[in-house]
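Here's the letter readout for the chains.
Number of protein chains: 2
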Amino acid sequence: MSLMLAEIAEQPAVLEKTIHAESGKLKKIGKVLREKDIDLIVLVARGSSDNAAFFGRYLLEITTGIPVSLSAPSVYTLYKSKLRLNRALVIGVSQSGEGADINQVLESAKKSGAFTLGITNCADSTMAKIADETLLIHAGRENSVAATKTYTGQMLHFYLLASILADTKLEYEKIPEFTDQALNLKSQVEEIVQRYVFMENCVVVGRGLNYGNSYELALKLMETCYVVAERFSSADFFHGPLAIIERRFPVVMIAPHGVTRQSNIDLLKRLKELHADSFSITNDEEIARLSSRSLLMPTEIDEFLSPIPFIVPAQLFAALLAEAKGLDADAPRSLSKITTTI
Amino acid sequence: MSLMLAEIAEQPAVLEKTIHAESGKLKKIGKVLREKDIDLIVLVARGSSDNAAFFGRYLLEITTGIPVSLSAPSVYTLYKSKLRLNRALVIGVSQSGEGADINQVLESAKKSGAFTLGITNCADSTMAKIADETLLIHAGRENSVAATKTYTGQMLHFYLLASILADTKLEYEKIPEFTDQALNLKSQVEEIVQRYVFMENCVVVGRGLNYGNSYELALKLMETCYVVAERFSSADFFHGPLAIIERRFPVVMIAPHGVTRQSNIDLLKRLKELHADSFSITNDEEIARLSSRSLLMPTEIDEFLSPIPFIVPAQLFAALLAEAKGLDADAPRSLSKITTTI
Numbered sequence: 003m004s005l006m007l008a009e010i011a012e013q014p015a016v017l018e019k020t021i022h023a024e025s026g027k028l029k030k031i032g033k034v035l036r037e038k039d040i041d042l043i044v045l046v047a048r049g050s051s052d053n054a055a056f057f058g059r060y061l062l063e064i065t066t067g068i069p070v071s072l073s074a075p076s077v078y079t080l081y082k083s084k085l086r087l088n089r090a091l092v093i094g095v096s097q098s099g100e101g102a103d104i105n106q107v108l109e110s111a112k113k114s115g116a117f118t119l120g121i122t123n124c125a126d127s128t129m130a131k132i133a134d135e136t137l138l139i140h141a142g143r144e145n146s147v148a149a150t151k152t153y154t155g156q157m158l159h160f161y162l163l164a165s166i167l168a169d170t171k172l173e174y175e176k177i178p179e180f181t182d183q184a185l186n187l188k189s190q191v192e193e194i195v196q197r198y199v200f201m202e203n204c205v206v207v208g209r210g211l212n213y214g215n216s217y218e219l220a221l222k223l224m225e226t227c228y229v230v231a232e233r234f235s236s237a238d239f240f241h242g243p244l245a246i247i248e249r250r251f252p253v254v255m256i257a258p259h260g261v262t263r264q265s266n267i268d269l270l271k272r273l274k275e276l277h278a279d280s281f282s283i284t285n286d287e288e289i290a291r292l293s294s295r296s297l298l299m300p301t302e303i304d305e306f307l308s309p310i311p312f313i314v315p316a317q318l319f320a321a322l323l324a325e326a327k328g329l330d331a332d333a334p335r336s337l338s339k340i341t342t343t344i
Numbered sequence: 003m004s005l006m007l008a009e010i011a012e013q014p015a016v017l018e019k020t021i022h023a024e025s026g027k028l029k030k031i032g033k034v035l036r037e038k039d040i041d042l043i044v045l046v047a048r049g050s051s052d053n054a055a056f057f058g059r060y061l062l063e064i065t066t067g068i069p070v071s072l073s074a075p076s077v078y079t080l081y082k083s084k085l086r087l088n089r090a091l092v093i094g095v096s097q098s099g100e101g102a103d104i105n106q107v108l109e110s111a112k113k114s115g116a117f118t119l120g121i122t123n124c125a126d127s128t129m130a131k132i133a134d135e136t137l138l139i140h141a142g143r144e145n146s147v148a149a150t151k152t153y154t155g156q157m158l159h160f161y162l163l164a165s166i167l168a169d170t171k172l173e174y175e176k177i178p179e180f181t182d183q184a185l186n187l188k189s190q191v192e193e194i195v196q197r198y199v200f201m202e203n204c205v206v207v208g209r210g211l212n213y214g215n216s217y218e219l220a221l222k223l224m225e226t227c228y229v230v231a232e233r234f235s236s237a238d239f240f241h242g243p244l245a246i247i248e249r250r251f252p253v254v255m256i257a258p259h260g261v262t263r264q265s266n267i268d269l270l271k272r273l274k275e276l277h278a279d280s281f282s283i284t285n286d287e288e289i290a291r292l293s294s295r296s297l298l299m300p301t302e303i304d305e306f307l308s309p310i311p312f313i314v315p316a317q318l319f320a321a322l323l324a325e326a327k328g329l330d331a332d333a334p335r336s337l338s339k340i341t342t343t344i
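Residue numbers (this note's numbering), protein chains in the order written: chain W, 3 to 344; chain A, 3 to 344.
By construction, these hints were calculated from the structure, which means they are not laboratory data. Please read these numbers as outputs of a predicted model, since none were measured by experiment.
Pairs count within a copy or across copies, as identical chains cannot be separated in the list.
As a list, the in silico DSSO-like pairs of lysine-lysine whose alpha-carbon atoms are at most 30 Å apart:
| id | residue 1 | residue 2 |
| --- | --- | --- |
| 1 | K29 | K82 |
| 2 | K131 | K82 |
| 3 | K131 | K113 |
| 4 | K29 | K131 |
| 5 | K171 | K113 |
| 6 | K38 | K112 |
| 7 | K33 | K171 |
| 8 | K82 | K171 |
| 9 | K82 | K176 |
| 10 | K188 | K327 |
| 11 | K131 | K112 |
| 12 | K84 | K176 |
| 13 | K113 | K27 |
| 14 | K171 | K84 |
| 15 | K82 | K271 |
| 16 | K38 | K82 |
| 17 | K38 | K131 |
| 18 | K188 | K176 |
| 19 | K131 | K19 |
| 20 | K19 | K171 |
| 21 | K30 | K171 |
| 22 | K19 | K33 |
Same shape as in the complex, but just chain W (with noise of 0.2 Å):
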């Protein structure tokens, strides 16, 4: 077995750990923003991590209303601007915490005032001493230069961090044992991946609380079984994208049954007018009737909950894949597993 399938199984003992081990930090966390009055969340990150805070935009944003603002480090490295963000909470994301251009942001950050927050896997890290407060993932060493258990590891703390920026309970909880269910579908993920053994190319799609996930998806293809694989959200592939489809293009899908349902369902209607090929990893039935191949999610699931148990039958596949097609998931060419990018 492959440390990167090894690595996915354990996310739901990650997750678990991790909720047991930072909960308690939240509430000192939550009493200084209060007090600074927060008005912009700013979320810093590259590759993986990137995806992860790009799920965390939507996620903050819906539940605390603050606005968050994805950051382009160049603005800071290259351009050395100083932005405006005395009332703002600046968030690095990294795996290692040594992405030297995430910690000059925060650096910047900080000078201007932001109270900075790191989200990292290495508690002695470069961003843990550079942050202000730190939130740990307890994954554990990350073998597999393809990120996993560290990827929804960082996307639970942007649900710890949204109930205390909002002050609801967000049943965050749930997550590890939905998890637990999601790696149930190992097996059904190894008939699947059969038939996409000679795929070049394919587009990922998702949308709001799961668009990051197809960002994500889409990385691990193109990380592990070098699939050229574009990604979009349902709504802007009306835009322009949707010209590259053709016959049997495959177009792969992470559309929970919630409020993007409607837009998946209206693209997938439109896909097969066009011959497309489509696989969903999914919990609504009308999603899978209207798929060539969809992978069935417990119902239970709401979507709101959904991005993490989600993204696992997403990386079985990747990792499934890569071996399908007699690729080794742990040693992607070209790839390190720190990159160091000012």
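Following the hints, put chain A in place on chain W, whose structure we already have.
Chain A in isolation, oriented as in the chain W frame:
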């Protein structure tokens, strides 16, 4: 000649006319915004307009220091959230002014106390009626499905806005002339597309002020050439996507001389090691030397003013490649000009 090629050629005149006709409004808008003491700018758009907004984000943050957020429309339209926007400037960008979700975000923002601005090509559009103020693109009717003259017209408006918000002279009056010079490269582009007639996938790379352009060229290649075109910043590329690169995989780069130079050079060197194919639109000798093919832009174009003139050869590339592939750039399969999504 396709409508798309004809409209590409109109750009210097459209830009000139837009500067002339709209500059007068800016003093008034500037006064309102200063009175309101804006501390956040939110941009709302889809498709090509979203790519123009992506450029606007960099330009506005770099010149004004005001944080910018690219809006996620579904937060408003599907999740029905009310964001705290009482000190925000919210800018809708839409060629037709009829994007239903964009307009819904503007209405919601207005209710939250934001000052709203529309950037559109249609003076009597719904957007122009909703927004507190409107900046018009004077492009005349855009007949091609693939947006070109309205895309650069939208970009231009961000220069006009930035000059008012930052209260500095930005020399955007030079842009129409630079854009005219860029059109002179047409015969060179005609030769270069021959090399890419059978290209089915590619990656488009840009960074900073030209990052939005990489999204725009990728979209044009999808719409008009049915090429599966990924888009990345040269920084993000090292975080995973590099794995898809194999011998002769084509990478197109929009890379002016300037602060993003080193990062683009680092990527080109890595691509050379991997025997990838690189085609760069540049005015930097070293970048041209490291690329498999390049298109040389005038050296007098400063990076700060490069995004509009540098997209012109990219538009020509897409339009002429479509022709060389035997496709009709004016009639992309499955698309229509106005897209209304919720």
